[in-house]
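Let's have the full structure, built from the sequences with the hints guiding it.
So the chains spell out like this:
Number of protein chains: 2
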Amino acid sequence: MEEVKNDQIILKDYANGSPKETDFGKKTGRIALKVPKDSNGVLVKNLYLSCDPYMGTRFINKKSYLPPFTPGQVIVGFGVAKVVDSGNSNFKIGDLIWGMTGWEEYSLITDTKSLFKIHHTDVPLSYYTGLLGMPGMTAYGGFFEVCLPKKGETVYVSAASGAVGQLVGQFAKIHGCFVVGSAGTKEKVELLKNKFGFDEAFNYKAEKDLDAALKRCFPSGIDIYFDNVGGKMLDTVLLNMNLHGRIAVCGMMSQYNLDKPEGIYNSFCLVSKRIRMQGFVAFEYFNLYPKFLELVLPCIKEGKMTYVEDIAEGLESAPAALVGLFSGRNVGKQVVVVARE
Amino acid sequence: MEEVKNDQIILKDYANGSPKETDFGKKTGRIALKVPKDSNGVLVKNLYLSCDPYMGTRFINKKSYLPPFTPGQVIVGFGVAKVVDSGNSNFKIGDLIWGMTGWEEYSLITDTKSLFKIHHTDVPLSYYTGLLGMPGMTAYGGFFEVCLPKKGETVYVSAASGAVGQLVGQFAKIHGCFVVGSAGTKEKVELLKNKFGFDEAFNYKAEKDLDAALKRCFPSGIDIYFDNVGGKMLDTVLLNMNLHGRIAVCGMMSQYNLDKPEGIYNSFCLVSKRIRMQGFVAFEYFNLYPKFLELVLPCIKEGKMTYVEDIAEGLESAPAALVGLFSGRNVGKQVVVVARE
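If you read the sequences in order, they're chains P and L. Offset between the first sequence (1-based) and our numbering: plus 45. Offset between the second sequence (1-based) and our numbering: plus 45.
Warning: the hint list may mix true and false statements.
Residues from chain P that face chain L, not an exhaustive set, calculated with beta carbons under 7 Å [as the list claims (entries may be wrong)]:
{"#": "1", "residue": "Gly242"}
{"#": "2", "residue": "Pro306"}
{"#": "3", "residue": "Ser312"}
{"#": "4", "residue": "Phe313"}
{"#": "5", "residue": "Val316"}
{"#": "6", "residue": "Arg321"}
{"#": "7", "residue": "Pro343"}
Label-pair restraints from in silico Cβ distances [stated by the list, open to error]:
{"#": "8", "chain 1": "L", "residue 1": "Pro343", "chain 2": "P", "residue 2": "His165", "range": "52 to 62 Å"}
{"#": "9", "chain 1": "P", "residue 1": "Pro264", "chain 2": "L", "residue 2": "Lys253", "range": "46 to 56 Å"}
{"#": "10", "chain 1": "L", "residue 1": "Cys344", "chain 2": "P", "residue 2": "Pro343", "range": "35 to 45 Å"}
{"#": "11", "chain 1": "L", "residue 1": "Lys253", "chain 2": "P", "residue 2": "Lys260", "range": "35 to 45 Å"}
{"#": "12", "chain 1": "L", "residue 1": "Pro343", "chain 2": "P", "residue 2": "Glu329", "range": "52 to 62 Å"}
{"#": "13", "chain 1": "P", "residue 1": "Lys162", "chain 2": "L", "residue 2": "Ser265", "range": "29 to 39 Å"}
{"#": "14", "chain 1": "L", "residue 1": "Lys253", "chain 2": "P", "residue 2": "Gly373", "range": "38 to 48 Å"}
{"#": "15", "chain 1": "P", "residue 1": "Pro264", "chain 2": "L", "residue 2": "Phe328", "range": "20 to 30 Å"}
{"#": "16", "chain 1": "P", "residue 1": "Gly373", "chain 2": "L", "residue 2": "Met145", "range": "48 to 58 Å"}
{"#": "17", "chain 1": "L", "residue 1": "Asn133", "chain 2": "P", "residue 2": "Lys250", "range": "37 to 47 Å"}
{"#": "18", "chain 1": "P", "residue 1": "Gly266", "chain 2": "L", "residue 2": "Leu78", "range": "36 to 46 Å"}
{"#": "19", "chain 1": "L", "residue 1": "Ile219", "chain 2": "P", "residue 2": "Gly266", "range": "13 to 23 Å"}
{"#": "20", "chain 1": "L", "residue 1": "Asp256", "chain 2": "P", "residue 2": "Ile105", "range": "16 to 26 Å"}
Worth flagging that the hints you see were computed from the coordinates, not collected in a lab. All C-beta atoms, glycine included, are put in the ideal place defined by N, C-alpha and C.
Written out as structure tokens, the structure reads:
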């Protein structure tokens, strides 16, 4: 059977702290462009790979809701790919899909249940790693289903220029909320205000007093907090929540690479303000994907929603792109292009 | 107008830490047993006063959902009383009521909206400070409305022999759950197992390793945690929660008298296990009081529910009773008898 070269990014080594580029290795294998006999999997050519914060929880020694990456094995994550061969009647050669794939040129995907077929190609394909993919569903499920927003409520989003945050802010505006975001550079803060339409934004790294910054932006308190960072920010937000506030705990980016997480000291606010704080993951809302597309596709086409991507070229740039995510080097959704069809 | 003596317990002084008996004073005033002209309040003779953990948040320097007690002023709290005079057509002389009253022999209650008329007197009247009063509604609202329990789920209750905890445990058993409670003495642990029907119980003060104790009692994890204490216990429970677990945050007894609260370090469990953690207060469920009585009154009469009270005799014993509550000296619901009708 004909085989082709298959470059792969593997986990080489990982000790602790934030993952480093040297923790990754490159391996060149060969792969047959055919699904094995009796397999109902699909063989895909990877086009776009997604770098997502949750991946920080999959390195060894981390507590995660997913198993850790295995040394010597290819990194896995969300991506957009094209079906090259199929043993599954739901997918045919030439189909475009998004879902869990490998950080390599070609992947054999056996768990096809988690794959979504791409029906709309009049938008950038890379959007299926972000706005139209898992981060999009994270923002949608977390904001609408967990936060249960009402028109006129005040919404705060941390890591607001990221893959998820920029969408939460735009959903909040579409829904008639007042929305404030924070990010870690002046450039990102400008994006929040000028590109994504946040009512207010601040650079949390430039604020000496987080509590004062929140009180300045929310003189009458926060109804909804979409938490992407955890730690001290979450703790300070608790002091500024309103009665019956809701906190969607999406991730704790600031905590993934600490040896010991920061403490939350203001949990009594949960009682005194009757706050609901709820953790969630996007895939619990994947059944809403068609409804989500109905809302989002027209918004994209009419220019009512926008999406900023930070695109790294080439599979070999993937480790640096992921590592950069954990120090906030990316501006917008971090994508890696493996091939453009 | 005829006046009678009216002994009162007032807040004398409070600096910080756990309230002490010397923080309270006694004052003897006089009161007319008539509602003032044009008042639609009621004048009541106080029978039973309630000592409740939430009162720990009402001392000066505490963050609370209620205003702090005022030095020189009479202490207020829940109680059972008899109407001596009424300017309100909803209450007539001789009616028994429960609700917010003063720590004194007679009180003029002007905020009658929060008073409940007592219709069932074939149960101990003191129960209206506990099982049939605010703690009862706390247990009922918190367990059924916040935790949304399912038959067969595992339930953990801290401060489980207290006014609220003993009821949560019994509701959980009636609902078909597996329930474990913790308390701070051997005697209380015996009560949990032998009197309230908890499946398992432990003395948290005698456990060197809280995490190990929880793992021993819940080998397959905790579905529902009814939190009365906060702090380190809450933090350790987070590690032992199951996927989609629910935490009703009722109070944080262990934290009220600390200068700085203990930190919660395991908040990432909210994400990884998609936990819902929700603060609540009983009065938001007071509209369910008739439904609650329908469930509870037959249970009491048929002996399916029991209630343990710790009764202090005389108004002058009230400060010591309240102070004792914060060190766990009470066994069961702490009540103070001012008068027996």
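Now for the hints, and whether the structure bears them out:
{"no.": "1", "hint": "Gly242", "result": "violated, 27 Å"}
{"no.": "2", "hint": "Pro306", "result": "holds, 5 Å"}
{"no.": "3", "hint": "Ser312", "result": "holds, 5 Å"}
{"no.": "4", "hint": "Phe313", "result": "holds, 5 Å"}
{"no.": "5", "hint": "Val316", "result": "holds, 4 Å"}
{"no.": "6", "hint": "Arg321", "result": "holds, 5 Å"}
{"no.": "7", "hint": "Pro343", "result": "violated, 30 Å"}
{"no.": "8", "hint": "L:Pro343 <-> P:His165: 52 to 62 Å", "result": "holds, 59 Å"}
{"no.": "9", "hint": "P:Pro264 <-> L:Lys253: 46 to 56 Å", "result": "holds, 48 Å"}
{"no.": "10", "hint": "L:Cys344 <-> P:Pro343: 35 to 45 Å", "result": "violated, 55 Å"}
{"no.": "11", "hint": "L:Lys253 <-> P:Lys260: 35 to 45 Å", "result": "holds, 43 Å"}
{"no.": "12", "hint": "L:Pro343 <-> P:Glu329: 52 to 62 Å", "result": "violated, 39 Å"}
{"no.": "13", "hint": "P:Lys162 <-> L:Ser265: 29 to 39 Å", "result": "holds, 38 Å"}
{"no.": "14", "hint": "L:Lys253 <-> P:Gly373: 38 to 48 Å", "result": "holds, 42 Å"}
{"no.": "15", "hint": "P:Pro264 <-> L:Phe328: 20 to 30 Å", "result": "holds, 28 Å"}
{"no.": "16", "hint": "P:Gly373 <-> L:Met145: 48 to 58 Å", "result": "holds, 51 Å"}
{"no.": "17", "hint": "L:Asn133 <-> P:Lys250: 37 to 47 Å", "result": "violated, 59 Å"}
{"no.": "18", "hint": "P:Gly266 <-> L:Leu78: 36 to 46 Å", "result": "holds, 45 Å"}
{"no.": "19", "hint": "L:Ile219 <-> P:Gly266: 13 to 23 Å", "result": "violated, 39 Å"}
{"no.": "20", "hint": "L:Asp256 <-> P:Ile105: 16 to 26 Å", "result": "holds, 22 Å"}
In terms of the numbered hints stated before, the structure departs from hints 1, 7, 10, 12, 17 and 19, listed from lowest to highest.
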